[in-house]
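Peer 1: Here is what each chain is made of, one letter per residue.
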Amino acid sequence: MLKRQEAECRLKEIFGFDHFYDDQWSVIEKVFNKERVLVIQKTGFGKSLCYQFPATQFNGLTIVFSPLIALMRDQVTSLNNKGIAAQCINSNQTQEKNDAVIEQAKKGELKILYIAPERQGSVSWQEAVRQMKISMVVVDEAHCISQWGHDFRPDFRRIVDLVKILPVDIPVLAVTATATQRVQDDIQEQIGNGMSVIRGNLLRENLRLFVVKVKSENEKKIRIAEYLKNCEGSGLIYTGTRVNTAVYADWLNYVGIKAAMYNGSLEAETRVDIERGLQENRWKAIVSTNALGMGVDKPDIRFIIHTQMPQSPIHYYQEIGRAGRDGLPADIILFYNENRDDAGESFDEKLPLSFINNAKPKIPEYEAVVEALKNEPLGERGVMEKLNMKQTPVRTILADLVEQKIIFKNDGGKYEYKYDAPELKTESFEKLRLAKLEDLNAMIGYVNTTEPRMDYLRKYLGDKIDIPSSNCDNTNLKGFLDNSLHSDLWTNLKTFKNERFPELVPKKTSSLDIGYALDNYIQEAGEIGQILHHCKYENGGDFPDELVARMARMVQKKLSAQHFDMLLYVPPTISGDLVKNFAEKLTVRIGVPLSHDLKKMRLTEAQKIPQNAILKRSNVKDAFGFASPEILVGKNILLLDDIYDSGATMNEIAKMLKKNGAETVTPIVIAKTVGGDL
Amino acid sequence: MSELNELAYWMALAHAAVNTSVKNDVLIKCFKEKKSVVDFFSMSTQDWNSVFGMNLADVDALSRAKEQLANNAFAVENLLSQGFVLIPSTSPEFPQLLKDNLKKNGCPVLLYAKGNIGLLNQPSVAVVGARSASEISLDFTRKISSKLAKEGKVVVSGFAKGVDRVALDAAVSVEGKSVIVLPQGISTFASGFKQYYKQIIEGKVLVVSAYAPKVPWSTRLAMDRNRFIYGLASEIYVAESNEGGGTWSGVMNGLKRGCKIYVRKPDDGEKNANRILIEKGCSPISLGGENVIEYPIAVPQMQAVCEEKAVYNAEKKEPKKRKSRKKKEATLDLFEAEDNQT
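Protein chains in written order, with this note's numbering: chain A, 1 to 678; chain B, 679 to 1020.
Only chain B is shown next, with the shape it has when bound in the complex:
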């Protein structure tokens, strides 16, 4: 975790009313000039404007965030005293995959967590699907989730009704590892912490949120949170998707990023969009007992996506070396890589 005295500043940046890309630009710039968030907030608004090229609205929003610093300090102390962990995006504990997947425009600046934060950087899968999924889909979810969990994969889910909850509980029931990505602030999840108390203290379940700690659950955040679920998983298993829903748009984004996405091969006559996803490039699978049967992909994935990924990987190597030399040093390689591209 970052120095204690930086955390109030991280909170200010994370919840300032500016676009994520602006926040990440600040970090990239600070990182290059070996400055901390504390230094950033100690600069004058003129500097924000001249050095960072910020527009007036952003300067205003960040000034308001700065006024909250002392209040943030109280909030941070309160969170830490209750066993929560704050993970700034420059921390080595911050999930690299999330940076890789969401990039400058989407990667959150700060995560709040409780439990084994080591799970954030372990091989992970998301088992996703509609809240109102059919029994066939739920059964698939149960089986695939416990199978993957038994194999040691971290099952990432969003704690929604339906597929999410079934995926989580299936992983928990085989003593597997899970990450719950909250659509709400982390201090509003008391009942969940009670329910998964044992799993959390045993390091099997991690709860994570990217929102301000006190923000209540909302439909908007439930939609928004999906990108973190997809972002935190290296493989995605779709139990059931409808056209145009949250699962659907998550899968579309994943495809664009070149993510490996498996879709349960629907039976004839199922009223869902699984078949369309397969036609768009997802890998169809079904379960034969314990085995996953993978079918040939209907269409090759878009060429452009693969290229972009290649470029990105090539660029990524150089900063990685530096990271391995000095392990504890802040890591911002993703942002740098992308910054170089633009």
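The following block holds chain A by itself, in its conformation from the complex:
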């Protein structure tokens, strides 16, 4: 076997480093020894080298399963720069590019190939991998194997099985930067076969940890703006919801701080552009849900702010781990709203609690999916259509049923019921929920702890603490953020809230023109979204006149450059005449004549009923007509509704109006959801 000295000569030659850390070398030795190893080491340890170096020494190909496209790309670029033949296959690349990479791998021209775990389900990949000479298998972000971790991914199930089946002389390396003892045990147990563990300490000395307790959501906005005005470098702000990514980003831009929003509902193209912008420091801050995740490989992120506490300390450790990879100081700030509602429930605990309690769909929904699949094989979309369900619960259910070996996915991407399938076991769901509640309590413990914050996190992760750490507001940095207490931004925040009208940007294929909403659909006390919800779904009576006045102001402010010939409103389903009454008041204020001629031609369900975009579209398809269509020719139309969610209804109406000759159809609504949070 290769001796360390000789290995380090080659290391110098290929990677330009003089030597391995001892911990790295002990991993590499095991790999050369064809062992199976789990490496838990913090960001910056050099985990990748533990497989990249052996990969260059092996005859055949090293396959690296990685869930993160962005990270794959970065790794490939850096390896290629060193002259190492590495490539990746992923869904963001063109088919031609992926095919070319596969050809290279088959010909033995590659040393390292990065692929996503879900690629295992691809027929063409399976066909190709039969012809590759495989020397090693690597599981990156191995915590994704465990449901006790912060980022369980069902696609890793197949990787676990694969590793179990792999011949004994293929070394397997699993790596992660974040694993509690429980996650570590789980990974070891699942992969089995005498997998050994090398675990380093998880201390991140350069992170400066703060918790800021506030009295309101507004105070968070003020203090974040104040902090950003005075801090150096750029960083990330994590919000708990998609809608808040929009609100915070708008707010920061409003007070002159360059910010961009990022969340899972954005188009792939936009997301890639924002990721690139982050690297180029195009903004002071990116405001994001945790969708902007582990893939961020920017060394100089100088701050990470959470407007909402995450579900557990492990989520938190993982998310703040992206800061200060260059080893220089980075500020880590968690905001916590101390307010409690009348029932005594903490405002900031509601969101993580609802995530935890609603993580699993209801049992009858599982049963319905099983029954449907006993009848015929269906794809994910087929299940959604057949059972009128949203994508997220359907995904969860299918993944759980596969996990429990009740169903499986065939080559054609359809799920089949399995002969002699076991009964659905739900005890594990409850066990998981209780474990997550415990995690949440530990997170609340982090907010209230008086010990060094890094030590609190490390203990939670199973680290042994030898010397107490510092660098937080419980030790040497007390009162450090107090300068953001006094602010003259409060009046700005008030005008911001009054004048912020979120844009409705219809899809390219839509018949709608660009319009506006009074606000996002925010379910917080006193917010428009909550007032609307009360009127519409809780028999709260007409929408208040204040909203009419505001909408008039919005039309004047945002649309005064345009002339409108008529105001139409979306005919009701269940909410009765709320929108009609609103329109009758609005027409007086904005002076655009109201027409009642927009009619429903057939019964439809409330758009809240169909649970996914496909069914929503078909619910309203060809459902609308106009009493005297000839008058529509050349007209500019203002189209009013209460909520803009998928936009399917308004789009369907606009399509009909334009078919009859209407010139423009501009939507105006009271509230707009972000990424379907209705």
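Read the hints as simulated data drawn from the structure, not as lab findings.
Note that this is a predicted model, so its numbers are computed, not measured.
All residues carry an ideal CB built from backbone N, CA and C; glycine is no exception.
All clues given are correct.
Computed list of chain A residues with no C-beta within reach of chain B, every gap over 10 Å:
| no. | residue |
| --- | --- |
| 1 | 1 |
| 2 | 444 |
| 3 | 559 |
Which stretches of chain A does chain B cover? Using the computed rule of at least three CB atoms under 8 Å from a CB of chain B, they are:
| no. | segment |
| --- | --- |
| 4 | 116 to 126 |
| 5 | 130 to 136 |
| 6 | 409 to 420 |
Fit chain B to the supplied structure of chain A, relying on the hints for placement.
Peer 2: For chain B alone, kept in the frame of chain A given last:
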């Protein structure tokens, strides 16, 4: 099923380019020395040569198979994730009858299956006949197959046109149990899995293949597959046979093994070889309504065959006892028995 970590090795052995008897010799030897297929593939090629007495060509072929182990692992994981089951011949789920019938030279090392693999060890019949069978034969097939299926017998067929398909569908239509033996790799049967989806998940139909999962249908395999159909059935019903065809040679083999074979008694003037089969020792039958009328056999079966069977049965008893003591233990009694004979 065997340990997960053995399956890639089983695949390597099953599809190595060596004779079936060589593969089974490997298993017999490993079994006696309490070694696994993993141990076998971990040995050096010298050991293969010295311990197993393998010739160079076989050593080469097995070395090539060994190089495919990691690739096999990917294939196995893919198959399992799609609900397929792999049954090595040492598994208790492997059909004992197939070992008894095909013996060392013919018994496959590994089966791929989807559905109720319990059917492999239940009383079974094969209803066989030419692809181009006459309407009389097809009608006979339909009736005998549904009758046997109603009696609880598993109807084994090969999914070919003609008699095969009619036998299968007749069994399915009375909610009986069926085994489809594929002349192709199991991952190439998507349309069939779709067609028999309900029967498969209800445990009424099992699909099984002895070939590498991706191998396409071919005439050669369609011929070759017949021996598995005959091998998996304890009784064989011949609807119609021509002289020299696939059915014919299957029946000849069956007779040699001492298998009970029934042949539909042909009407006068039928242009097929049924009558000749009867003359060679098959039992002529016809259907009178729901009843099977069995006629006296034309000639007694060959004496030698009966003797061989007796010897085999006597030898078989001892290892069987061991099996019943430890049910889950690997079963290789057939191979042992035959090995002792030679």
